[in-house]
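Peer 1: 47 is the number of the first residue of the sequence shown in our numbering; add one for each residue after it.
Treat the hints with caution; some may be incorrect.
As the list claims (entries may be wrong) - When the alpha-carbon atoms are kept at most 20 Å apart in a straight line, the in silico DMTMM-like pairs for lysine to aspartate or glutamate are as follows:
no., residue 1, residue 2
1, K199, D61
2, K199, D223
3, K90, D239
4, K90, E155
5, K199, E262
6, K199, D188
7, K238, D92
8, K54, D223
9, K199, D218
To be verified - Beta-carbon label-pair distances, calculated as ranges:
no., residue 1, residue 2, range
10, A148, T49, 51 to 57 Å
11, L60, G197, 18 to 24 Å
12, E173, G269, 36 to 42 Å
13, G146, V56, 21 to 27 Å
14, G105, I142, 45 to 51 Å
Honestly, the hints are just simulated from the structure, not real lab data. Yeah, the Cβ is synthetic: ideal placement off N, Cα and C, and Gly gets one too.
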Amino acid sequence: MSTVIHGKTVYTELDEILHPDHTALVVVDMQNDLCLPNVGWGTKADISMVREIIPPLRGLVDAARDHRVPVIWLQMVWRAGEGYRSVSPAYLRFFIYKCGFAPGEKVMEEGTWGAQNIPELEVRPGEAVIQKARSSGFVGTDLDLLLRSNGVKTVVITGIATQACMESTLRDALGYDYYTVLVRDCVAAYRKDLHDASLKILETMADVVPAARVAETWTRARGAALTAARGQAGART
47 MSTVIHGKTV YTELDEILHP DHTALVVVDM QNDLCLPNVG WGTKADISMV
97 REIIPPLRGL VDAARDHRVP VIWLQMVWRA GEGYRSVSPA YLRFFIYKCG
147 FAPGEKVMEE GTWGAQNIPE LEVRPGEAVI QKARSSGFVG TDLDLLLRSN
197 GVKTVVITGI ATQACMESTL RDALGYDYYT VLVRDCVAAY RKDLHDASLK
247 ILETMADVVP AARVAETWTR ARGAALTAAR GQAGART
């Protein structure tokens, strides 16, 4: 149960932290140019781990929709039509010399097929899409405003890449004062050693749980609320 520390109510149990009334599911960068073979990142890296998380992630997204948990999609997007004005020299260096993309290579460009979500994880009407130009979903976006405006206290993080955009977003979520939950079987990287190293660190910062645990918590919470509502209705008759 929650406890009071320095006059503040602190959630201590996972069932409280994950309650669907104050939780959002954030899906990081599950885009064509980042997840499919023979295009974008799939021409430069091993995407097998990325492909493995698609079924459990799709199941978790469906569970969120069923239990009225907001699904927020993050997308890494280059706005080439603006002359790459949102991309600094430092970030261009990172993208070219660390990630292996050639100058002028077109990936994740705004409005293109490559920047869209993969077919298995299509965005539904009414779901928020946050386009970002940096690793973290909080840098230069209105993600924090969106979460706070909808009463979100807990952010459930999924997607790719574990040690990069996913980790950056999780760290910033904690810095912006959200409870953070990482879904172990719904995050992936292009290198297993980096994935494992990132998880080892993030386990010291966030609750790391399987997708089934998250979905079960939402189901249990909604079931309890329905039972309580029925009891109140019966008491009035």
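Peer 1: Each hint: holds or not?
Peer 2: The hints, checked one at a time:
no., hint, result
1, K199 / D61, "13 Å, holds"
2, K199 / D223, "8 Å, holds"
3, K90 / D239, "17 Å, holds"
4, K90 / E155, "18 Å, holds"
5, K199 / E262, "19 Å, holds"
6, K199 / D188, "16 Å, holds"
7, K238 / D92, "10 Å, holds"
8, K54 / D223, "13 Å, holds"
9, K199 / D218, "14 Å, holds"
10, A148 / T49: 51 to 57 Å, "54 Å, holds"
11, L60 / G197: 18 to 24 Å, "19 Å, holds"
12, E173 / G269: 36 to 42 Å, "24 Å, violated"
13, G146 / V56: 21 to 27 Å, "43 Å, violated"
14, G105 / I142: 45 to 51 Å, "36 Å, violated"
Going down the numbered hints, you'll see the structure goes against 12, 13 and 14, while the others check out.
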